[in-house]
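*Asks:* If you want the building blocks of each chain, they are given just below.
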Amino acid sequence: MQVARVLPLFVAVLSWLGTLLLGLSERNVVLPLVATGLIPVGLVLVDWLRVVRLPSFGANLAALLALLFCGIETWQRWGDESQLLAVANLMIYLQFILVFQEKNQARYWLLLLISALQVAVASALSLEMYFGGLLLVYLAIALVTLILFLFHRQQPETPAPPAAGASSDGRWPLLDAHTNLAARPPGDPLGELISWAFAAQLLRMVAATLSLAVLVFLFVPRIGRPGWRPYTTTVARETGFSETVALGDLGGMSENPEEVMRVQFLDANTGYPYQLVNEPLLRGSTLTRYVSGRWIQLPSTQQVFEGVPEDLPPASGDEVIQRTTIEPLDTEVLFAIYPVANINDDRNLAFDTNRRRLIRRDRQGIQDLSRTQYNFDLATGGIRNGKQSELAPAMQGDGLMLQLMELPDDLARLQQLADEIVGDIPITDRLARARAIEAYLREGDRFRYSLVAPPTPASGDPVEHFLFDTRQGHCEYFASAAALLLRAAKVPARLIVGYKGGDWNSLGRFYQVRQLHAHAWVEVYLGRRHLPRGWENVHGAWLTIDPTPGIDTELQVADAGWGIPSLQQLGDFSQFMWSNYVLGMNARRQSEAIYEPIARSAGFLVRGAGPTGFRELRDWLNIGFNWRAGVLAGVACALLAGLFWAGRRVFRFAARRWRRYRRRRDLARGGASRVDFYRRLQELLAKQGWRRRANQTPREFAEEVLARLSGPTQAGGGPAISQVTEAFYQVRFGQEPLSTGEAEAVTRGLDELAAALGTAPSRRVS
Amino acid sequence: MSTLDFPFRRRYLSTVCREGWLFLGVMAFVFLAALLREINLLMALFGLMGGLFLFNWRSVLVSLRGLRVRRKLPERVCAGDLLLVEVELENPRPRGTSWALVVDDTIRRRGGAADRPLEVSLLCNRLKPGDRRRLTYEGRITQRGRYQVGPARLSTSYPVGLMKSLRWLPESDELLVYPRLGRLTRRWQQLFPEGAHGSRRVDRRLGSAEGEFHNLRQWHEGDSQRWVHWRTTARRGEVMVRQFERHGTQDLLLLVDLWQPEEPDRAARENVELAVSLAATLIADVCRRGTAELVVGLAGASPDVTSGAGSTARMHDLLERLAVAEAGSDDSLPTVLGEALAAAGVSSKAVLVSTRECSWGDAARFGSLADDARFHALAAKCACIDVARADLPDYFTVE
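So the protein sequences, as listed, match chains W and Z. Take the first sequence: its letter number 65 is residue 65 in my numbering, and every next letter is one higher. Take the second sequence: its letter number 38 is residue 38 in my numbering, and every next letter is one higher.
Mixed in with the good hints, there may be bad ones.
[Stated by the list, open to error] Simulated pairs of lysine to any residue, SDA-like, Cα-Cα distance not exceeding 20 Å:
# : chain 1 : residue 1 : chain 2 : residue 2
1 : W       : 500       : W       : 687
2 : W       : 687       : Z       : 94
3 : W       : 687       : Z       : 95
[Unchecked claim] Coverage of chain W stretches by chain Z, computed from C-beta distances (three or more under 8 Å per stretch; other residues unrestricted):
# : region
4 : 183-189
5 : 201-214
6 : 527-541
I should point out that these hints are in silico values taken from the structure, not numbers from a laboratory. Here the structure is a predicted model, which is why all the values come from computation and not from measurement. Glycine included, each C-beta is placed from N, C-alpha and C at the ideal position.
Use the sequences and the hints to build the structure in full.
*Replies:* Below you can see the structure in the form of structure tokens.
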């Protein structure tokens, strides 16, 4: 097989892969399918069998038609992405045309270039992690293709053998005689490329290219503004979280493990991410109006968006940064532990003042960012001593709504129950009343948590139905009941929907929040006079009430364990890294994760190993290095290295045994005219540094070696050397094959020599 | 064969190939899009492309490091004959295989018209550590003259052909291309006027260097032991020696008149080449046959007269002179003739190879020699060959 025949195959694979990547990014299966059919046909008929080819005129015409088609397509669907898709499709059409043309170097280059551009467009459209994997596959195939192409284009033209006396046909045979030079062809390189050495080199190339790519990726400063957000990404249906609550609608949907977001809580001073002592309650929407079993948001005649405050209100907790990467959802609501402050002047964070919720939308409310993956950092004031506090200061504008006390008139039984629960607790003691109602729903065996929603009553209120009839339900029932009971007890309350907890990933030190973590709970508003001592400086605060039983709020700190991360954790961690440090790499993250640590390291070097430098180094290690992950990685590397070493030993041992078996088999067959035994002798002697020079006969070589052998080595190996050398002369020059006995004697002699040389010190014949 | 060994320790030069510029263009596009719109996957792609480019750059630099190149070629070759040049590549490094090495060699004519140099590219697919590879190119150089082989260039674009690293190998070899040798036909002797053959003799003498094997005869005093034919001696019981014969060892005066007009047309230049080729063929023929005295007068841009016994060394000397001989528009033949007559013997056969008709009675040209008896003797026996004559192919052909 020649390079000229293999190259079209690799170019075809690369073209197909480019189309596949583009098709996957476009969510278009048609073009990759067409490519899967057309490209192999073109490869076989045009490149290999050479029975069909598209003439230049036809190709130009087809290209023109493709251009026209794409132009019309762009005109009909005007927009950033449409233009890009039209260009991408045009490249695919041109690729199809080129596939059916006879290939020359220019056309090969064009195909490779188009493929690279396809990948470039696909990169602009794709956000998925699998794309990274496919990109690596593409890189490996591209490398091989480019290498083959290099050899192909450097092959000298098939030389016409210089004619004797090369003369011209003209009138001046001596003047016009053609002078020509031609290189003798070097042989097809494919045979040399198919080798372990080349495979190893290819691996090194991929590794080196990747390493350089990582460096370039990490260190090229991000100076642009994130304007491009492909919206072809599949938008996850929000099955767990909903901005309105209709009791009875949840069913079994809440067990959906689809990822919603990854959340980290970082100490603002050290930047070190940590796990909260209790499960975080990430507030999404607030629901204040209850009508016939449905919680709805406040009607808003005019949506008002404003920037998120840049400072936390007084009496906030620890200085903690909430770092979130949220996937594309069908809601623009963002989730956080309140109160929050926009510390990075993120212009895509807005606050819906009517509905008291944080959304991803620019302040003018024009651009909806819910269909894109989004990273944001917020300062949160709701965490104290590593634990989300039940009481959090209200943000400006909170708690002034009469709707917090609204209660439908037809809930007489509920009103009566509320009166029973709060009993003689003074109306001014909202805190105690709230605790009593929470305890009523949460403690004891009165109510049971169930994901199966109780059947909706034909008449009557679903909450009363839950409280007095079924006594089982999911979090929305408990939260709704609590909110209405609180209002009946003259305590202002609202229903909160969001997410509770998440899967803690100890590798990446983040919470992986999924749809199944959707939750509903209640917040009670406490005015200044209802607040405990120490909260005098705030105008109000929200008390979190989670009346749903069966879920522990207190968690053990699992950080001290040494458990091996599960596959799911590894997957989540990969996704986290992909989202935060590949897709989400921006100027700020680059500064935090790369530039600043380097600057700090440089600082250590400058300051030396003095006490200050040592302290900083220790702090830095605490900040940026996960000891557990480091040890695990070290163990994994050691295991891999050990496996590699052992595998190599086994392979070499097997290869030696195989060679020995082959030699013995050949010798046992009568030796024929094979001289492998002499090759083995040379190998044995070469290990001692004795190599036969080009001007030495085998006998001279044997004499030289024998002269240099000494002691036991000479006694053990000397006869064998002479014996094998004579046998070599007999077979090689005498054309007399060794008899079975002779062959066995030679093998025995070589074994003895090997044993003798094994104890001999190495020495080199000059 | 001459061997030039030039260890390869010159400064390298790295260039971006045409394909590399295209690649850089795509990279720039990707980079700008990634940077301005902050598309990180595009930045990753840019990183991969950049990584590939940088790896290519490093790889081409490392590949050429320490390589040795040797060229082997003959010192001289006749125009139109097959020339074989061998280039040996050696990788003395303990590790690091070099791939896709290209040696670009050039052959250009020294002096004269600045012809386009001949170029040839040799590809070595793979050169393992400690390995040597021989690459060969061949060809036919059809114009006589002195040629410079080299400087050569060693380069590689491995692995992906985006960047090329190259090293100039400044050492060059000289190659002398003799005039093309033709063939004298059987009718060649008819060109000589009657009487020119009178002095031709056949010498029978002993010794293989003296001619072709002729016969065996009895041993005489003074015969070398090397000439003894032992088998016949044994058969006949007496010492027999080999006898050799040498034909036509007559001395020769060869005059080559390379005249051309001041502004020569192609016909005139072709005639010059034909005259040189005929003269070279005659010289080679005479020198191969024996050790006769050979006087050669070359009339052209640089008039020259040489004399000496025919031998291989003399043949090479004369062919070298002819290889670089240039035609002139001045008539230098009378001067050359005067010097040649002084050097040549009386019994020499004389041949004038000229690019134009020659009349010995032309007083304007040969008036200065009118009183010289040797001139008149020469005029009587000299074969004048005008290479422009139509029937020349009947006597001499160049294939």
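*Asks:* Does each hint hold? Answer for all of them.
*Replies:* Okay, the hints, checked on the actual structure:
| no. | hint | verdict |
| --- | --- | --- |
| 1 | W:500 - W:687 | violated, 69 Å |
| 2 | W:687 - Z:94 | holds, 17 Å |
| 3 | W:687 - Z:95 | holds, 18 Å |
| 4 | 183-189 | holds (count 5) |
| 5 | 201-214 | holds (count 9) |
| 6 | 527-541 | violated (count 0) |
Going down the numbered hints, you'll see the structure goes against 1 and 6, while the others check out.
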